[in-house]
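S.K.: What follows is the residue order along each chain.
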Amino acid sequence: MKKKITAETLCELKFASEPRFSPDGTKLAFVVASANEERKGYKRDLWIADDGGARPLTTGGDAGSICWTPEGKILFPARRSAEDKKKADKKERFTSFYEIDPCGGEAAHAFTLPYSAGGITHIDGSLYLLTAKTDLNYPADDAPDREKTLERLANPPYRPIDEAPFWSNGVGFTYGTRSTLYIYDRAAGGSTRVTGEKFDARSAFAQDGKLYYVGSEFDKVRPGMKAGLYAYDIASGRTDTILEPSDELRVMWARPRACGDLILAASKGEKFGLSESAMLYTLDPKSKKLTQLGAEEIHPCMNHVGSDARLGGGLSMKLIGDDLYYIDLRGYKNTLVHVDKNGGMHEDIAPMCGIDAFDICGDKLAYVEVFPDRTPEIVLNGKQVTDFGAALADYEVSLPEYIGFTNSNGDKIDGWMLRPAGYDASKSYPALLEIHGGPRTAFGEAFFHEMQMFASDGYFVLFCNPRGSDGRGDAFADIWHKYGTIDYDDLMAFVDHALKVVPQIDKDKLGVLGGSYGGYMTNWIIGHTDRFKAACSQRSIASWVSFEFTSDIGHTFTRSQHRSSTHEDFDYLWDISPLKYANNAKTPTLFIHSDQDFRCWMVEGIQMFTALKFHNVDARLCLFEGENHELSRSGVPENRISRLLEMQEWFAKYITGEEKK
Amino acid sequence: MEKKTVQYEDIYEFSTLSGAKISPDGRFVVFADSRCDKDSNGYKSRLWLYDGEKQSVRLLANSGSDRGAFFERETGAVIFTSRRTPPKKDAKPEDVKTQFYRIFPDGGEAELYFEIPAMVTALTQITDTLYLVRATQEALPEDERPKRKGYQVFDEIPFWLNGQGFSNKKRPALCLFDRKDGSFKRITTPLFECGDANLSPDRSKVVFSGSELVGAKRRRGGLYLYDIATDKTTELISPDSMWVGRASFFDDGTIFFDSNPCKDSHSNSLMYRYIISENRYERIGEENDIAFAGMVRDSDGLIYASYDNWSVGRIAAIDRDGHIVKSFDAPCSIQSFDVRDGKIAFTGDSPDGLQELYTFEDGKAVCRSSINVGYAESHEISHAERLVFTNSDGVEIEGWVIRPIGYEKGKKYPGLLEIHGGPKVVYSAAYAHEMQAYAAMGYYVFFCNPRGSNGRGSDFADITGKLGGIDYNDIMEFTDEVIKREPELDANRMGVLGGSYGGFMTNWIIGHTDRFKAAASQRSISNYFTKCLTTDIGHYHNLTQMETDPWAGSDVFWDHSPLKYANNAKTPTVFIHSDHDFRCWMSEGIQMYNALKQNGVDAKICLFKDENHELSRSGKPENRIFRLKEMGDWFKTYLK
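Line order of the protein sequences matches chains A and B.
The first sequence begins at 32 in our numbering and counts up one residue at a time.
The second sequence begins at 613 in our numbering and counts up one residue at a time.
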């Protein structure tokens, strides 16, 4: 008898990510993460795979990223020494890097840099590129009262904020901070600051003596998507502006091709405005001439199919010579595609379910493959070298069954169901409609722990990709200035369709849940229909007005999604705010929100919760402390489990009528 | 002696007084003084005893955490709360308790008298061992409370209260404590929110107001009578029929109570008496239109109430027909008062003066203490000159002008318009540290009590449904009046500042006029949707202020939100907000700040950690000084 997947099963799962080839391609390093014993965090360790198989390399639980050195060793940031601890206690900003040799031996301290580095990548020889978080208020080494200033920076009695936005989800308060590029010379032992004090760098890539980066300088107001493209000559230290920041062209990233030009992803927004997806261009660095790559527009879609059984990243894109490889979301599968020098498209790998990250070295290929019945595995040169799925061997896993349909507009809407555990066709079962966030993301068939838990709990789990979702191009994603119309219609039609094709679903025992845009939609749904017996609205949006003036992306997202803003058209933003319809809601609703969520700030969940309580509708708000918008995917394991249990208990109480304790 | 100018740091040099209580024999008055303390970055409070026979004041208790004093009936000793004994090292946060000490006026040190296993907010002696206690209590039994760590559970509104933090399923309860056996029991039901509570003259019963809060707090409250001997509570008036507020006794057979008329958010409560033997109540004192601050019953069966009469504190004695039979005016405001056998003592301030203890002799207030005299005499305090003008609606508006220190006729000075909170409170002529500090920096400081303020009756306070209308007009006309009367005030270098409702008004002002060159908007309101749907009083009080709700009246809500006009604002504004302010939550300051900033207007927001709506009055001293400095520096940049 197989075991049921529960909330706590989360602690048994291992999540593989970040596959990276050694410089000679003979070894592949990757990261494996899992909940730690206390459930208060995650341990992340490096593994090595080669022809002999895969095995762990580090055991400290603190190695979460990989940078291969030209000598074939691996650098990763960590804090292990007494020196590290002393610096941390004094609230100094620093990053210590440790180095481990895959051939043997424990990791040793490599070097410590006097700034907070996010990522490190090797450039050439002894040069490394680092992106650091710098703080304009950080005291100089010789500043008076330095210790007190550091203490105050770490624990300010108040925050003197004069930038906007001043916080960022997952980062915290960002006023006075910038993302700064440094080049560290390991041989010489010093860092060179590449970007200026007020410059905020986004993507950066170095090759052949030049560092290309996207970003912009700002003083008080962050410029949103507007950014310039710059080239820094490493030898001379000179920076050239290739493209000035402009409203007409939004540059995402750029890479130098072997043929001498640049390939870049940018959007002019000519057809779909601010929300138009980026397209591939080539740019002549001398003439600044921008040319569409290929006869047909190529819009890389590097979004991952939604899942909570994933922890860690990895490469989504790599330019080798003139050939660009990237992970493309096609419909609901992540496929590895290859665009050649002239824009010819080749689909190289399309595994059954999809891939999460990849790396290429010469003729060698490695990737993280996702599955419907287990957590991701590492595939090296065509062979699966890990077996993390073994953790689920004794569990009853429900495989997703495709129940897509055609909507009234003639669009194919992809959708699935998971059958409840112990499914018996003669019985009837409650069902939960899961709604993804974004809205420009997509569900697929990747293993989703939360959904499996509900299936194990005896529910049908229904999920689809309504209009607005990703993977189907800009026209399908276009719900801009149409929130709460065609997206809502598709979701309700999907439920109708599921009820039709699966008579075992009890239409009087339906629940609805979703996070972020999915939380917005859950809030919208309860104000427009009583068909659901319970709802769980997570990290949601209740009012586009408060969202515009509190979210870290409020100023830009409102404009890109609604083609409007509060001061341009309050009436329209109020009309599309779920809060407007809260007085009609009758569905008992559980709200999940996190107090460090700066994407959809807690003001949203609180307004909607208060509106329901004001109208005597059963509601409960769980406010997670210290968590952010990513609670369900990378929050503290104990909190992720609490969140799942709260949802289970709520649905049990209001849908199936059980009292769970 | 050369007088010093008022500085931000002066908050460490003067005290605020409270808790005046008269001894049973009428000879003594005990009161507390609280002062900012630099070492602890907190407050030190101590007790003073005024001896009416010797006509002198001496220090009674001085541990630094002594307050809440009252006289023990039988012995005349002073009982007070103190935290002079630090909690044991292994004490758990749930092991909350309040320690009561006893000290005799005629000598000896204080000794621990009894401990109550709760956070006591008020205590009244019933017998020599039995006490009526008000304390916050959990509404759910321990095994029903949320157990999982890492998150808060909210399932009612409000779920947080300014100054108390998360309050979900906690209630202000009425309890009995017996010192004999240490027994402590709640006499109100678990979900009951107790309002006012008072002992009957014969000490056999307790009258109290309140209602059960189930799901959502509503504007309702009943009247109840608790019999101490039988431990039975009788509901005299159902909470569904009234919103009873204060409740006390004229005599053992007659209860006094008042009730909010519930037709708006500004009208003063109506007075009633309940005749116990006849199970009926009737309206009394229909001629009165006043808002009680404090209330004390005296032995002669009169109820003494303090209230604002214009900007002056008045104590009125009310008989069982609700008529005011005598009244006494304080020099300025009244913070606390007590009455015993016709003797009245109060803590209050005076025009340009700081707080002291006063008694009334032959109807006149006589100052009895000199706690703040040293500070007052050694510092240059700029006089607050009263002005009254008639606004364009024919209503008299009272205000004051403080001239800058170093004022010289013929020169020009920048000015600051201060706007009080409330709106139903009053400014007075008393010494106000913040205003004096800015006057010392060379500013005119001027302030008024526009319509909406307290002290002038319900009609004057009526800005329900009109926020940003007649109140705004009065404040602008007052500013015009000050400019007219003070040619040295530079109308091109004026700043505006205010907190709470004053922050609402500051936000409103910058969206409607450019006449001010800088603004400091504190613990403000910017968006009535978020104000009503996130704050501790939002969904019942502010909603009533709008006279509609966000669904039936979204236009009204938006029209009255300063955020609506933020795109018109040009005034550089600094926002002050505290992250534990649950009265006007930080969403307010944040929305207005972001709106200005994205529109290219210079703005700054100072978010204070672990402070609440009372930052400027009882926040950590260092933070109070940071606040004054941030605003002062802002004005210096834009007005000087």
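A few of these clues could be false.
Listed next, the in silico DSS-like pairs over lysine-lysine satisfying Cα-Cα at most 30 Å (straight line) [claimed, not checked]:
(1) A:Lys684 <-> B:Lys781
(2) A:Lys458 <-> A:Lys513
(3) A:Lys116 <-> B:Lys782
(4) A:Lys179 <-> B:Lys781
(5) A:Lys564 <-> B:Lys761
(6) B:Lys1248 <-> A:Lys251
(7) A:Lys317 <-> A:Lys229
(8) A:Lys71 <-> B:Lys701
(9) A:Lys617 <-> B:Lys656
(10) B:Lys782 <-> B:Lys1248
Because the hints were derived from the structure by calculation, they are not lab data.
S.K.: For each hint, tell me whether it holds in the structure or not.
M.R.: Comparing the hints with the structure gives:
Only pairs whose Cα atoms come within 30 Å are accepted, and Lys684 (chain A) paired with Lys781 (chain B) is accepted, the gap being roughly 20 Å. The straight-line distance between the Cα atoms of Lys458 (chain A) and Lys513 (chain A) is roughly 39 Å, outside the 30 Å bound, and the hint therefore fails. The hinted pair formed by Lys116 (chain A) and Lys782 (chain B) fails the criterion: a straight-line CA distance of about 42 Å is larger than 30 Å. With a CA separation close to 41 Å, the supplied pair Lys179 (chain A) and Lys781 (chain B) exceeds the 30 Å bound.
Simply put, Lys564 (chain A) and Lys761 (chain B) have alpha-carbon atoms about 28 Å apart, close enough for the 30 Å limit, and the pair holds. Between the alpha carbons of Lys1248 (chain B) and Lys251 (chain A) the distance comes to roughly 20 Å, so the proposed pair stays at or under 30 Å and holds. Proposed proximity of Lys317 (chain A) and Lys229 (chain A) is supported: the alpha carbons are some 27 Å apart, at most 30 Å. Distance hint between Lys71 (chain A) and Lys701 (chain B) is fulfilled; the C-alpha atoms sit about 26 Å from each other, no more than 30 Å.
Distance hint between Lys617 (chain A) and Lys656 (chain B) is unfulfilled; the C-alpha atoms sit about 51 Å from each other, more than 30 Å. Between Lys782 (chain B) and Lys1248 (chain B), the direct Cα distance comes to roughly 45 Å. Violation of the 30 Å bound is thereby established for this hinted pair.
The structure fails hints 2, 3, 4, 9, 10 (numbered hints given earlier, in ascending order).
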